[in-house]
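J.: Keeping their order, the protein sequence lines are chains A and B.
Each step along the first sequence adds one to the number in the numbering used here, with nothing skipped, and position 229 is 229.
Each step along the second sequence adds one to the number in the numbering used here, with nothing skipped, and position 17 is 17.
Rather than coming from a laboratory, the hints here were simulated on the basis of the structure.
Remember, it's a predicted structure, so these values are computed and weren't measured experimentally.
It is possible that part of the hints are untrue.
Pair by pair, the computed Cβ-Cβ distance ranges are [what the hints assert, rightly or not]:
{"no.": "1", "chain 1": "B", "residue 1": "K184", "chain 2": "A", "residue 2": "D80", "range": "27 to 35 Å"}
{"no.": "2", "chain 1": "B", "residue 1": "S242", "chain 2": "A", "residue 2": "I2", "range": "50 to 58 Å"}
{"no.": "3", "chain 1": "B", "residue 1": "E58", "chain 2": "A", "residue 2": "A20", "range": "32 to 40 Å"}
{"no.": "4", "chain 1": "A", "residue 1": "A180", "chain 2": "B", "residue 2": "E223", "range": "53 to 61 Å"}
{"no.": "5", "chain 1": "B", "residue 1": "L258", "chain 2": "A", "residue 2": "K73", "range": "26 to 34 Å"}
{"no.": "6", "chain 1": "A", "residue 1": "K73", "chain 2": "B", "residue 2": "E58", "range": "31 to 39 Å"}
Calculated cross-link-like contacts (lysine to aspartate or glutamate; reagent style EDC-like; alpha-carbon spacing at most 16 Å) [stated by the list, open to error]:
{"no.": "7", "chain 1": "B", "residue 1": "K255", "chain 2": "A", "residue 2": "D202"}
{"no.": "8", "chain 1": "B", "residue 1": "K61", "chain 2": "A", "residue 2": "E201"}
{"no.": "9", "chain 1": "B", "residue 1": "K255", "chain 2": "B", "residue 2": "D140"}
{"no.": "10", "chain 1": "A", "residue 1": "K155", "chain 2": "B", "residue 2": "D123"}
{"no.": "11", "chain 1": "B", "residue 1": "K155", "chain 2": "A", "residue 2": "E235"}
{"no.": "12", "chain 1": "A", "residue 1": "K255", "chain 2": "B", "residue 2": "D196"}
{"no.": "13", "chain 1": "B", "residue 1": "K255", "chain 2": "A", "residue 2": "D123"}
{"no.": "14", "chain 1": "B", "residue 1": "K113", "chain 2": "B", "residue 2": "E62"}
{"no.": "15", "chain 1": "B", "residue 1": "K255", "chain 2": "B", "residue 2": "E201"}
{"no.": "16", "chain 1": "A", "residue 1": "K255", "chain 2": "B", "residue 2": "E201"}
{"no.": "17", "chain 1": "A", "residue 1": "K255", "chain 2": "B", "residue 2": "D140"}
Below, a sample of chain A positions facing chain B; criterion: calculated Cβ distance under 10 Å [stated by the list, open to error]:
{"no.": "18", "residue": "A57"}
{"no.": "19", "residue": "N60"}
{"no.": "20", "residue": "T133"}
{"no.": "21", "residue": "A136"}
{"no.": "22", "residue": "M161"}
{"no.": "23", "residue": "M170"}
{"no.": "24", "residue": "I234"}
{"no.": "25", "residue": "A247"}
{"no.": "26", "residue": "S257"}
We put the beta carbon where it would ideally sit given N, CA and C, even for glycine.
For reference, the chains in residue letters:
There are 2 protein chains.
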Amino acid sequence: MISGKNNELIKEIKKLMSSAKERRQRGLFAAEGVRLCRDALRSGAHIVYFLYTEEAAEKNKEDFGCIMSAADKCICVSGDIFKKISDTGTPQGFMCIIGNKLDTYITEIESGKRYLGLENIQDPSNLGTILRTAEALGSDGVIMSVGCCDVYSPKVVRGSMGAVFRIPFMIVEDMSEFVAYSGKIGIPTYASTPHDAENIEDTDFSRGGIMLIGNEGSGLKEETVRLCMKRVRIEMRGRAESLNAAAAAAILLYKFSL
Amino acid sequence: MISGKNNELIKEIKKLMSSAKERRQRGLFAAEGVRLCRDALRSGAHIVYFLYTEEAAEKNKEDFGCIMSAADKCICVSGDIFKKISDTGTPQGFMCIIGNKLDTYITEIESGKRYLGLENIQDPSNLGTILRTAEALGSDGVIMSVGCCDVYSPKVVRGSMGAVFRIPFMIVEDMSEFVAYSGKIGIPTYASTPHDAENIEDTDFSRGGIMLIGNEGSGLKEETVRLCMKRVRIEMRGRAESLNAAAAAAILLYKFSL
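I would like the entire structure built from these sequences, with the hints used as guidance.
T.: Right, here's the structure in full:
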């Protein structure tokens, strides 16, 4: 059992929890909590390390056994050490370190399918919630600009309730270019924007395509909006200036999925 | 200028930031950030204290002047002290302490209007987002059970983007009793629940009434669901077991507002 905080592996894991650069360089990310670890296992993710506390192993015997037998390496750590590596206030004592070569990368977008495009979503809680919503409403995949926050950050993984293991996704350098490319191959693109846009109640989404949502503060880039086939908006009735990005995404994806 | 952290007022404000009990007993709550302070002022809230840093006052002269002249008492604090009382990672240097006798309490629900009912929503970010969504989509008011997290907590106030100052609300001891009462006076009530429920696409919401949403983990209480006029659900297509409460609320309120 590891109980010293200066252990090399513990130091590495703390870095993985806090640094997107570290996650990218190592090709690893963390999933914390009993449910997320189970989700990782069921999704066929490659579990490189499984860290657990004795107490958590005792309490979740069945999950413990399954994850243990699938992981490359299992490491028991003290409760104190687990608290140090945990990203949550009340750690459950289970953490999987996962290789990010998942089978969920989109290599080509297909006609007739329904994708979500996210440009520069900054808040990890928003991104996690949006991925969860996209999965629940049956999106065929999510395309993210590199300017979005790291999809493998602990908050995104947790907020997505495991959707990050399952929903196909793709990360693109420039969303405007991707929208232009989609247009060329005949995939409809919808820019969600409050200005000069059609009410989503009046839009025919039956051909599918890509629903684009922009940054929390500034929305989609002008260039991206300009290149989209259509501009769509959610009708507002109140005094609030706007919806939270995750709330807007829920409504847009719901209409898009009907 | 206050620069000592042992100042009595600073200690009181730290308590107000962290304790719902303290907020209730004192009848005060905090709004932090330039935009929220401006919102509080515009909404006619009673600003008991206005705390600011010199730097923030310099940077936001117009807002500073307006808030200053409306507040009972203005207190300049050092940047270090502001960081100590702030609930955010990057404090803007403006904070209003507000008397919670707002003019937004609902005293009676009315026929034909559209209300949101929240039973035991636990997460302050969810509650804040839901209030913001309710306002943006034109809800006539929000009814919350006492089991919901404190509507005046800094996270809720911030997440609501000021909706907490404007949207009419009411806090009820027992949501089931309130639903029963609403039924008796002819107000339709809709329980959002995945079980034995009608697809919201098929429901006629034209009479308005109350849309009820339950706790993040356990949903609405059985008793509350049983007493509602109708059960409604959002059609799920994916593998995710459920939507986040704020995402579900956005879709339900959107359909309810059409």
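J.: Please flag the earlier hints that this structure goes against, numbers listed from lowest up.
T.: Those not satisfied are hints 1, 2, 5, 6, 8, 11, 12, 13, 14, 17, 18, 19, 23.
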